[in-house]
Amino acid sequence: MVVSVALIAGYIGVLAFVAVRARAAREYSEFSLAKRALPLALIFGSLCAAYVGPGFSMGFVGKGFKSGLLFLLVGLAYSVQNILVGVLIAPRLRSLSDCHTLGDAIGQKYNRTCQILAGLISVGLCTGFAAVMANAGGVVVQDVFGVPKWIAIILMAVVTTLYTSFGGLQASVMTDALQFTLFTILMPAILLFALFVPLKDGAATLTRELTTATTAGFQSTSWVQIAGLITAFLLGETLIPPYANRALASRTTSASRNSFVLAGLFSMVWFTVMISLGIVARAVVDPGVGEDHVLLELVRTIMPVGGYALLLVALVSVIMSSLDSLLNAGAVAFTEDIVRPVARISDKASLLCGRTATVGIAALAAGAAVAVPSIINGLLICYTIWAPAILPAAVLGLWLKNPRPLAGFLSMTTGAAMALAFQFIWHDAVEIPPILLALAAALAAYLLGHLLGSLFAESR
Amino acid sequence: MMELVTLLGVIAAAALVTSSGVWVGSVLIRAVARIERPQPPAEMRVTEKRLE
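Protein chains in written order, with this note's numbering: chain A, 1260 to 1719; chain B, 69 to 120.
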């Protein structure tokens, strides 16, 4: 207990040092885009730290434990998505002038109404994702300090909000880089320790458990479910606000493209390490343990007290780096896409608005965190809403020569409404995953809006 | 043979993950040090420019 608390306190001290060095944002452009001066390595580290949240760490270890390599296949869809975004979308987004958010890009391509709509969806989604992160953070902090979960969630939210609201994107990216460095050294170290120290024949155990778990995983999952999962991982996190902000904040267009491509390649090896940890855990951890607790249980069982404390530090880093990115992106989307299109406010007022929104989103997320189901399921709900609501309008808007505002509006409203309906009301009506149905509806609405918009334009 | 290939694959993935962290960490340290370095006063900067 003392070692754990000392390590966590030391970690928060280093984090505070980096956050203070990143300085408080003095202008809104510093708060929202770090003055577009971030180099490739920091954007890459921050991007990876933002997507490696509890789902891609604790969640993937749990999936490796239950279904072996099945989730590595699913995860590869995410890697492909990152590479495609890097090659096809990030450079186009970065080349837009005076653009702070994805909603801003949508506003430039369509109109102000679409920007506000994109802003509302972005803020809602950032709050949902942040609730999942706060919930996972609560689980870890509760484990360290033995406090009730709601206190753990508040503690996590307060620390993250403090440095994000003052430092803005610069502080978020720099602390992300620190957290990325920490967990990329600690997690592989835990895997190698598990393979070579407690297991007598690590290689044989790994191969045997890999075959057993993977066979069980494919047998217990239908191909329709696999297709739904692959679609969710391929599209669900595409260009979510924190990633779009990083694409926009990079120093150059090539840094923007390369950071996404490298982040995609990194995710492949990261998933391999996480799934391997889950497979190794099968030889040590009781099969009845809940998926989200496999990693904690594995390390608690095999490692000395100091090792367990180090894992907790790694997990707190994983969670905080995702949470701060979401809080900053949500606050910037609120200011840029909801407030500024309606009210002309000064730079100083925008900065204040961004800071206040950071606190507001953190409070909402902490309140909603108790209602989150398992980590992966919580993430899948967010994916199901984001992909149909935003992607057709954003991607087609960036690629088409004359995107029609009606198409953007219809696609976003239909996508969001259908995703919510299929996820929460008609969930069991059909066997097809909700994300696919809602995406098809959003694309059809876009096509209809584009045709009608073109007709109106011609008749004028 | 199969066991060896699996083990080597996992070790290679772990090494790649760690080296990415080391790269980002080294850039971060340089970035923090750059922010830390005190800026010389304006008149010194003018003198430096003249010397250049």
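Source of the hints: derived by calculation from the structure; they are not laboratory data. For glycine and all other residues, C-beta sits at the position ideal for the given N, C-alpha and C. Any given hint might turn out to be false.
[Unchecked claim] Cβ-Cβ distance ranges computed for the label pairs, FRET-style: (1) Gly77/B / Ala1716/A: 51 to 57 Å; (2) Val1279/A / Glu71/B: 20 to 26 Å; (3) Asp1606/A / Ile79/B: 49 to 55 Å; (4) Val1629/A / Leu72/B: 27 to 33 Å; (5) Leu72/B / Leu1707/A: 54 to 60 Å; (6) Ser87/B / Arg1285/A: 22 to 28 Å; (7) Gly77/B / Ala1265/A: 52 to 58 Å; (8) Val1629/A / Ile97/B: 51 to 57 Å; (9) Asn1661/A / Glu71/B: 35 to 41 Å.
[Stated by the list, open to error] What the simulated footprint calls covered on chain A by chain B, stretch by stretch (three residues with Cβ under 8 Å from a Cβ of chain B suffice, anywhere in the stretch; the number is not a length): (10) 1303 to 1313; (11) 1357 to 1366; (12) 1704 to 1716.
| task | Can you let me know if the beta-carbon spacing of Val1279/A and Glu71/B is within 20 to 26 Å? | result | Given a distance of about 49 Å, which is not inside 20 to 26 Å, the answer is violated.
| field | Asn1661/A paired with Glu71/B, Cβ distance criterion 35 to 41 Å | value | 58 Å, violated
| Taking 54 to 60 Å as the hint, is the beta-carbon distance of Leu72/B and Leu1707/A inside that range? | 57 Å, holds
| query | Between Val1629/A and Leu72/B, is the Cβ distance one that fits in 27 to 33 Å? | reply | 47 Å, violated
| message | Within 51 to 57 Å: is that where the Cβ-Cβ distance between Val1629/A and Ile97/B falls? | response | 39 Å, violated
| Mind checking, does the stretch 1303 to 1313 of chain A have 3 or more residues with a CB under 8 Å from chain B? | holds (count 3)
| message | Please check whether the stretch 1704 to 1716 of chain A has three or more residues whose CB lies within less than 8 Å of a CB on chain B. | response | Since 0 is below three, the answer is violated.
| query | Mind checking, does the stretch 1357 to 1366 of chain A have 3 or more residues with a CB under 8 Å from chain B? | reply | violated (count 0)
| message | Holds or violated: the 51 to 57 Å window for the beta-carbon distance between Gly77/B and Ala1716/A? | response | 55 Å, holds
| Measuring from beta carbon to beta carbon, are Ser87/B and Arg1285/A in 22 to 28 Å? | 36 Å, violated
| query | Given a hinted range of 52 to 58 Å, is it respected by the beta-carbon distance of Gly77/B and Ala1265/A? | reply | 36 Å, violated
| said: Please check whether Asp1606/A and Ile79/B have a Cβ separation lying inside 49 to 55 Å. | reply: 51 Å, holds
Of the numbered hints listed earlier, those contradicted by the structure are 2, 4, 6, 7, 8, 9, 11 and 12.
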